[in-house]
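Visitor: Build out the structure end to end from the sequences listed, making use of the hints.
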Amino acid sequence: MKFSPCIAGKCTDQGTHCEGCGRTHEEIAETKKMIKALVAYAQLKGYENHEEYALFIGNTILNKLLNPS
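Position one of the sequence shown corresponds to residue 0 (numbering that gives the first Met the number 0), numbered consecutively onward.
Treat the hints loosely; a few may be bogus.
To be verified - Quick list of simulated restraints, FRET-style, between CB atoms: (1) Leu43 - Gly19: 30 to 40 Å; (2) Pro67 - Met33: 16 to 26 Å; (3) Lys44 - Thr15: 32 to 42 Å; (4) Leu64 - Cys5: 14 to 24 Å; (5) Met0 - Ile56: 20 to 30 Å; (6) Glu47 - His24: 26 to 36 Å.
It is worth saying that the hints were derived from the structure and are not from the lab.
Cβ coordinates follow ideal geometry from the N, Cα and C atoms, glycine included.
Guide: Here it is, written out as structure tokens:
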């Protein structure tokens, strides 16, 4: 399955799938929950270097997807 990001202004909440990105509303909600948790963690720790934190998280996820253990 290929990931499709949200398309600004085209998201819908009717039916089972978003008409903008094609993902299920359940998948979108789960993704938002994970992102919210990562943001809350950075805020809890008081990180000031937001870009570095976000890049680290993204790069770590990519590395683990490309090199599963």
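Visitor: Which of the listed hints are broken here?
Guide: none
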